[in-house]
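The chain contents come next:
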Amino acid sequence: MQIDFVAREITIKLVYYGPALSGKTTNLQALHAVAQEGTAGRLLTLETRDDRTLFFDLLPLTFKARGDVSIRLKVFTVPGQVIHASTRRLVVQGADAVVFVADSQVEETRNNGASFVDLKNNLKAHGVQLKDMPVVIQFNKRDLPNVRSREELAELAAKGKEPVYLAVAMRGEGVVETFLGALQLAWVKLEKEHGLRAKFGIDGNALLAQVAERLGRPGDAEAAVAARVGGIPGQAGSGP
Amino acid sequence: MTEPMSSRLDELTLGAISLEDLIDRAALGELAGSFFELFRVPLRVFSQRGLLVEARHEPEIYRYLLTIPAGRERVYQIIEKVKAIEPSLGQDVVFECFTGAAYRVSAIGHDGRIIGKAVLGPYLPASVQQVPKDLLNVPGVDPEKVKELLAAMPRARSSTVAQIAQHLQRNLELILFSGHKALLTSSMHLASVRESYRDLAEKNEKLQEAYDQLKELDRLKSNFLATVSHELRTPLTSIIGFSEMLSEGIGGPLTNDQRDFVTTIHEKGQHLLELISGLLDLSKLESGTMAMHYTEVDIASLVRETVQTITPQARKKEIRCSVTIGEGVVSHIAGDPMRLRQVMLNLLDNALKFTPSGGAISVRLEMGTLGVAPDDIDGAVLFSGRQPAIRIVVADTGLGIDDTEKQKIFDPFYQVDSGSTREVGGTGLGLSIVRRLVDAHRGTVRVQDNQPRGAVFVVELPVGAAGGGFVSDPP
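Residue numbers (the working numbering), protein chains in the order written: chain A, 12 to 251; chain B, 7 to 481.
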């Protein structure tokens, strides 16, 4: 996070992480598509000729909070392909929260796990422990056959601390929920570390409600954040 | 090394970015020029640091005013006022000049931040019909002259200028976005390469450490082998010596059984000694501490003599032995006679082991060449040419060796895994010692198939430099 007291700007960095072809860029495209006029800037994609992410995608979102404070959200994706290890390490640096986009297909389970370990190692390379990083997990591609069952995921998710969202990013389903879930966790942590309410008078719930509205979901913030399976009760969904 | 690059990345993605970072000044100048040519409205682009480019033609009326002291002062005031205008994003400011002309100032934004401004003007709005009083009131102006010059000034409708400003905005937005993207791509590229380099350097360091450790272990192993072999040989010499004395009856007469037992002790002791000597040789060859004594060697005699050495054993197994000396074979080569004898004995011993009863072992000596085969490598002509070599061919009619095994049999302790190998025994050291001794002579050894069955070992040794001696000691 960066705070610019003069310009009254708070810049928050969210990173979409996950194995290759799990739908990280698709998530950003879906967010871009639902964002209201004036909220999202151009979606910047640095991709190869075959549409694979080369360095990262970047979606800038800007919200005006109370007292004319600009909340600038920089939403990144990392390149999923194994060979881009060093790029992932660079992009994930300084993240305020991570959305881990997993592929729901049964045969992708191993790749999901490997990518999560990669995330853990890359955070560690920057001196950050995974347990200190707000992480939400999205199981994408729920519409495909041969996916891990909702019951199985719910059972496992209940054991982990990360809130788990189910999504079909291609259709935009679960995308805003995941995003709001991650933003909420990020805000809780940033509020704790920087006292944003005291400094800027910004209320987390109000901000979340505003973001939900600007992403085409007016009055739906709380329900959207709560549309998860698993996660430690009280940590997510109870409001910042 | 990573730190500055990633903070640069943060700067480019999270922080404020300047117009100069994103745009090529010369190219922006061309764009401004083409706007001016198309719309005849002067254009200036400012970054946060000041004027970046301008495309204009000073209207005659301003040139005239600059010649009058009061006029010059008023014009400069206007310029300062226009420069001080700070419009917000999407909200252009139109400034009217005392001449009746106007300026339109728009903010240039990127990523929701203002990073510069564009000033269109002066232009004469279509709505201005008369010479403004403010202009006529400037002390020293000629009313007729200003009327004439003002009429000659290009006119533009305010709505048209608003459209031009909007069009410019859209153009700039695209250019800035593309510029940002290119900047990010190149920075990211550099950062990734550096990060990968750092990663590899780290891994290399670890590999080097592991390699150094292995080398040290290897050295310790060789030392250990040498020491142990030496220590083992000392008591073994006593075992062999005393068992031989016993079997010869020096310690008193023995019963037949006793003699058999003692003879077995003697034979096994001998075998153990060979094994230990082999280990010792190998460790010396590996550590490069084996002393080689080069001299002129009568190779034909050496070959004949070694074949004679094994002939009694061959006879026992009913194996025929023959030696053929080819035409024109040189009589002497440079080498260590003791080690060359060892090479021959190891090869013959091997042949004897694997050749069944009724078979044959033939040894042939002929001339050959050693060196780079011309089609082996590019630019072969640049490398040392072929040199004459003596070729020792040891052929047997034994089991033969599979193609897959042909390289491995020269590795230490490697034994072709078959029942027969275990039957005939051996240490698995003989051929690896042969390879190393031949290497030490700068020669080659290889194995081929014999027809219809069996193996052929071919050793090629350079005849030596002119005069027959080695110039320097090989390792």
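Keep in mind that the hints were calculated from the coordinates and are not lab data. In this text the structure is predicted, and so the values were computed from the model without any measurement. Where is the CB? At the ideal position from N, CA and C, for every residue including glycine. One or more of the hints may lead you astray.
What the hints assert, rightly or not - Some, not all, of what chain A presents toward chain B, calculated at C-beta under 8 Å: (1) Q13; (2) T22; (3) K24; (4) R63; (5) F74; (6) A209.
Unchecked claim - Distance ranges between label pairs, derived from CB positions: (7) B:Y217 - A:G206: 47 to 55 Å; (8) B:Q97 - A:R182: 32 to 40 Å; (9) A:E58 - B:R46: 35 to 43 Å; (10) A:D61 - B:R46: 19 to 27 Å; (11) A:R19 - B:L206: 37 to 45 Å; (12) B:G21 - A:Q92: 25 to 33 Å; (13) B:L238 - A:E118: 53 to 61 Å.
As the list claims (entries may be wrong) - Cβ-to-Cβ under 7 Å is the rule here; a few derived chain B residues that face chain A: (14) L20; (15) G118; (16) Q136; (17) F183.
Checked hints:
For A:Q13, the shortest C-beta to C-beta distance to chain B is roughly 6 Å, which falls under 8 Å, so the interface hint holds. Checking A:T22 against chain B: minimum C-beta separation of about 5 Å stays under 8 Å; hint holds. Because the smallest distance between the Cβ of A:K24 and any Cβ of chain B comes to about 6 Å, under 8 Å, the interface hint for this residue holds. For A:R63, the shortest C-beta to C-beta distance to chain B is roughly 14 Å, which exceeds 8 Å, and the interface hint is violated.
At a threshold of 8 Å, the smallest CB-CB gap from A:F74 to chain B is about 10 Å, leaving the interface hint violated. Interface hint at A:A209: violated, since its Cβ lies 23 Å from the closest Cβ of chain B, which is beyond the 8 Å cut-off. A hinted range of 47 to 55 Å for the beta carbons of B:Y217 and A:G206 is consistent with their spacing of about 53 Å. About 38 Å separates the C-beta atoms of B:Q97 and A:R182, a value consistent with the hinted range of 32 to 40 Å.
Between A:E58 and B:R46 the Cβ separation comes to about 41 Å, which falls inside the hinted range of 35 to 43 Å. The supplied range of 19 to 27 Å is broken by A:D61 and B:R46, whose beta-carbon atoms lie about 47 Å from each other. Hint check: A:R19 to B:L206, Cβ distance near 44 Å, so the stated range 37 to 45 Å holds. Here the CB-CB span from B:G21 to A:Q92 is close to 28 Å, well matched to the stated 25 to 33 Å.
Checked against the hint of 53 to 61 Å, the C-beta distance between B:L238 and A:E118 comes to roughly 58 Å, which is consistent with it. Hint status for B:L20: holds, given a least beta-carbon distance of 5 Å to chain A, under 7 Å. The beta carbon of B:G118 comes within 5 Å of a beta carbon in chain A, closer than 7 Å, and the hint placing it at the interface holds. Hint status for B:Q136 relative to chain A: violated, with the closest Cβ pair at about 42 Å, above 7 Å.
Taking 7 Å as the C-beta contact cut-off toward chain A, the hint placing B:F183 at the interface holds, the least distance being around 5 Å.
The structure does not agree with the numbered hints 4, 5, 6, 10 and 16 stated previously, though it agrees with the rest.
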